[in-house]
Amino acid sequence: MSDVQTLVKGLVKSYGRQETSLMPILQGVIKVERSISESAMIEIARELEISTAKVFGMASFYSFLDTKPRGKYVIRICKTITCAMKGKNQILLALEDSLKIKVGETTHDKHFTLLETNCLGWCHKAPAMLINEEVYTELTPEKVRQIIEEYKKNEVVD
Amino acid sequence: MGTKHLRRMDLIFTRDDDYKNLVKDILSRKNEDIINEMMESGLKGRGGAGFPTGLKWKLTSEKPEATKYIICNADEGEPGTFKDREILTQVPYKVLTGMAACAKVIGAKEGFIYLRGEYHFLVDLLSKAIDEFHQICKVNSFDFNVYIFLGSGAYICGEESALMESMEGKRGEPRNKPPFPTDLGYLNKPTVVNNVETLAHAFTILKLGAKDFHDLGVQDSHGSKLFSVSGDTPIPGIYELELGMSVQDFADDFGDGDCKAVQVGGASGFLVPRKRFKETSIGYQGKLKGISLPTGGSMMLFNSSRSMYNVLSNYLDFFQEESCGQCTPCRVGCQQLVKGIEQVKRGEKPAAYLDVLLKLTDTMKVTAKCGLGQSVANSFQSIVENFKEEMIY
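Keeping their order, the protein sequence lines are chains A and B. Heads up: the first sequence begins at 1 in the working numbering, then just goes up one per residue. Heads up: the second sequence begins at 1001 in the working numbering, then just goes up one per residue.
Extracted from the complex, chain A is given alone in its bound form:
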C-alpha cells in the first residue's frame, strides 16, 4: 500500500464513510501532503463509494484544497483591499526576493509555495499572511524577510 493510501484509510477510519466526511478527509490529506494528488482522490472515492469526479469537483472548488503540488510551507498573502492599501505589494516583492520565486511558484527544494489569497480577516492589522495555518500580521518587508529566514533556519535543523 502506498503512503497516500495508508493516509486516506486512516482518515476514513477516524471520520467515517459518509459524504459529510469528505471535507475533513480532504483537509486531512492537505495537512500531511500539502496538496491532493490524483491517486489520493481515487483512493478517497473508492473508500467513500462515490465517483472520482465528485471528489475532484470538491477539491477543485475550495481554494485551500490545492490539487497542484505545493511546498511544505504554503504562504498565502492577502491581496484584498485593506492589505492592498497598506503595502501588500511591497511585502510580496520582499517575499519573492527572499524566496527567489514568483507568485504561484514553489521553491526548488519544495519547502515554500507563494500564493495570494482573498481577505483573511486581519484588515485592522494589515498587511497579513498565512504560512500554513499560522497567521502573521502588520507585516513590513523587513519583518517578512526575518520570518522567512526563521523558517529556512528551522528547515536546516530538521
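Since the hints were made in silico from the structure, they are not lab data. A hint or two may mislead.
To be verified - Pairwise CB distance ranges (calculated): (1) A:51 to B:1138: 38 to 44 Å; (2) A:152 to B:1021: 50 to 56 Å; (3) B:1257 to A:150: 37 to 43 Å; (4) A:31 to B:1065: 31 to 37 Å; (5) B:1003 to A:134: 37 to 43 Å; (6) A:108 to B:1131: 39 to 45 Å; (7) A:145 to B:1307: 27 to 33 Å; (8) A:31 to B:1141: 32 to 38 Å; (9) A:67 to B:1148: 22 to 28 Å; (10) A:90 to B:1362: 35 to 41 Å; (11) A:90 to B:1235: 20 to 26 Å; (12) B:1021 to A:134: 34 to 40 Å; (13) A:90 to B:1385: 30 to 36 Å.
To be verified - As a list, the in silico EDC-like pairs of lysine to aspartate or glutamate whose alpha-carbon atoms are at most 16 Å apart: (14) B:1170 to A:49; (15) A:125 to B:1086; (16) B:1339 to B:1317; (17) A:54 to B:1173; (18) B:1004 to B:1242; (19) A:54 to B:1168; (20) A:72 to A:134; (21) B:1260 to B:1249; (22) B:1278 to B:1253; (23) A:143 to A:96; (24) A:72 to A:133; (25) B:1058 to B:1040; (26) B:1170 to A:19; (27) A:68 to A:38; (28) B:1211 to B:1033.
Remember, predicted model here, so these are calculated numbers, not experimental data. Note that beta-carbon positions come from the ideal geometry of N, C-alpha and C, so glycine has one too.
Guided by the hints, dock chain B onto chain A, whose structure is given.
Only chain B this time, still in chain A's reference frame:
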C-alpha cells in the same frame, strides 16, 4: 477627527463568569418564553441579512421533524470583517450559550460551528471551550453536542445554503430558495443558521431581558452591533456601537480628518461618498429619513489619497474569484465587469461604456441566484455613479 459622537458600548466582550447559571436558567425556562423574549428584543441577524432571529427560531420550533440542527455561521469572509473571530476568541461561551438556547427551543441535539479555514488556529481554543460547555450541558441533563466544521477558503460558503452544501461534502454552490433552511436545511432537516454575533447577542438578551436590548438603537434597528473598522483610520479595530448612527458621526469619530468615502458592509455593501455622509445612517429598513444601509459590520474608510478605480477593481477581482460559477449572470457578469472597467480606464472603450456596465449590474441584481451575484451591483453602482471621473481618467 478624534471626536466621540458615538457611544461606545461593551456588552458583547464583557466577561461573564456566571454564565453557567445563565445556561441553567435558560434550560429551565419555557420555550415560548424564550421565543417571546427574543422577538421582543428586536434582534435581527447580525451577519448582514437582518432576518429577525426570534422569528427564525419560532419557525423552526414549529416543524414536526425529530431531527433538527443549529449552525453557527463563523465563515466570516466579507472583506473588512473580523469581529466574529474576536467573539469566538474572547467569549466563546456566550456563542455556545446562544446555541444551546436555540437548540432547546427548536429541539436540536446537535449543533455546528462552521469556522472558516483561515481561522484554523482557533480550533484548539474553541475545542476547549466546547468541552467545558459539554460538561455544563451534562450537569443540567441537556442532551446537546457542538462540533466544529472547518471550511477551506471559499467566501461563498458564508451564504447559508452554500455553507450547508459544503458540510454535506459538496461544492459550495448556493441552493434555490425557497425552501429555506428552516424547512429543509442541513441534510434536509429544519436548521437554524445564525451568525456568531447574533448568538452572542442572544446571550445578552437572555441575561438582561429584551427591554434593555430593545432600548438601544433606533426605530426598526434595535440593539448594539459590532463594527470592524479598517482602512484609513488612526484607530482600526472592533467597536460596539448603537445602530442608527449617521455615517458623518462615524467618519468624524474614526476618520483621519481626510475621509473621502466609507464602504459600509464590505465589498458586497455600499460606498458612501463624503457628500452623502450626513443623510446616510447605519441600520435596517424602516428608517425615519434619508438613506439607511444594513451591514454585517464592515466599515472601511478611504482618504483622498485613494483611487476609487483601484478600490472597485480590487472588489471586482474578489467577486470574480469567489463567484461559485453556478449561474451565468454572476460568473460571466463578474468577468465582464473586471474587463469592462479596465477597457474604459485604458481608453479602449468610450466613457459611455460605463452605462452599459451599470445596466449589466442591474441585470445581475435581478437574475443572479444568490446574494453574491446580486450584491455586486451595490458597490459597483455606488462607486461608478459617485466617482465616474476616477473610472475614466
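A quick look at each hint next to the structure:
A hinted range of 38 to 44 Å for the beta carbons of residue 51 (chain A) and residue 1138 (chain B) is consistent with their spacing of about 41 Å. Checked against the given bound of 50 to 56 Å, the beta carbons of residue 152 (chain A) and residue 1021 (chain B), roughly 52 Å apart, stay inside it. Checked against the hint of 37 to 43 Å, the C-beta distance between residue 1257 (chain B) and residue 150 (chain A) comes to roughly 39 Å, which is consistent with it. Under the hint 31 to 37 Å, the C-beta atoms of residue 31 (chain A) and residue 1065 (chain B), about 35 Å apart, fit the expected range.
At roughly 38 Å, the beta carbons of residue 1003 (chain B) and residue 134 (chain A) sit within the given window of 37 to 43 Å. Checked against the hint of 39 to 45 Å, the pair residue 108 (chain A) and residue 1131 (chain B) passes, with Cβ atoms roughly 44 Å apart. At about 29 Å, the CB distance of residue 145 (chain A) to residue 1307 (chain B) agrees with the hint of 27 to 33 Å. Separated by about 37 Å at the C-beta atoms, residue 31 (chain A) and residue 1141 (chain B) satisfy the suggested range of 32 to 38 Å.
Between residue 67 (chain A) and residue 1148 (chain B) the Cβ separation comes to about 25 Å, which falls inside the hinted range of 22 to 28 Å. Between residue 90 (chain A) and residue 1362 (chain B) the C-beta distance comes to about 38 Å, which sits within the given range of 35 to 41 Å. Taking 20 to 26 Å as the suggested C-beta distance range, the pair residue 90 (chain A) and residue 1235 (chain B) conforms, at roughly 23 Å. A C-beta distance of roughly 38 Å is found between residue 1021 (chain B) and residue 134 (chain A), which places it inside the suggested range of 34 to 40 Å.
Taken as a hint, the range 30 to 36 Å holds for the pair residue 90 (chain A) and residue 1385 (chain B), whose Cβ atoms sit roughly 32 Å apart. Between residue 1170 (chain B) and residue 49 (chain A) the CA atoms are separated by roughly 15 Å; this keeps the pair inside 16 Å, and the hint holds. Restraint check for residue 125 (chain A) and residue 1086 (chain B): satisfied, since their Cα atoms lie roughly 13 Å apart, inside the 16 Å limit. Restraint check for residue 1339 (chain B) and residue 1317 (chain B): the C-alpha separation of about 10 Å stays at or below 16 Å, so the hint holds.
Proposed proximity of residue 54 (chain A) and residue 1173 (chain B) is supported: the alpha carbons are some 14 Å apart, at most 16 Å. A hinted pair counts as satisfied when its Cα atoms are at most 16 Å apart, and residue 1004 (chain B) with residue 1242 (chain B) qualifies at roughly 13 Å. As the CA atoms of residue 54 (chain A) and residue 1168 (chain B) are separated by approximately 12 Å, the hinted pair is consistent with the 16 Å bound. For the hint linking residue 72 (chain A) to residue 134 (chain A), the alpha-carbon distance of about 13 Å falls within 16 Å, and the restraint holds.
Distance hint between residue 1260 (chain B) and residue 1249 (chain B) is fulfilled; the C-alpha atoms sit about 14 Å from each other, no more than 16 Å. Of the supplied pair hints, the one linking residue 1278 (chain B) and residue 1253 (chain B) holds, its CA atoms being roughly 14 Å apart against a limit of 16 Å. For the proposed pair residue 143 (chain A) and residue 96 (chain A), the alpha carbon gap of about 14 Å is at most 16 Å, so the pair holds. Proximity of residue 72 (chain A) to residue 133 (chain A) is assessed by CA-CA distance (about 12 Å); at most 16 Å being required, the pair is judged to hold.
With a CA separation close to 13 Å, the supplied pair residue 1058 (chain B) and residue 1040 (chain B) stays within the 16 Å bound. In summary, the hint linking residue 1170 (chain B) to residue 19 (chain A) is supported, as the alpha carbons are separated by about 8 Å, within the 16 Å threshold. For a cut-off of 16 Å, the pair hint linking residue 68 (chain A) to residue 38 (chain A) stands: about 10 Å separates their Cα positions. Between residue 1211 (chain B) and residue 1033 (chain B) the alpha-carbon distance is near 14 Å, which keeps this suggested pair within the 16 Å criterion.
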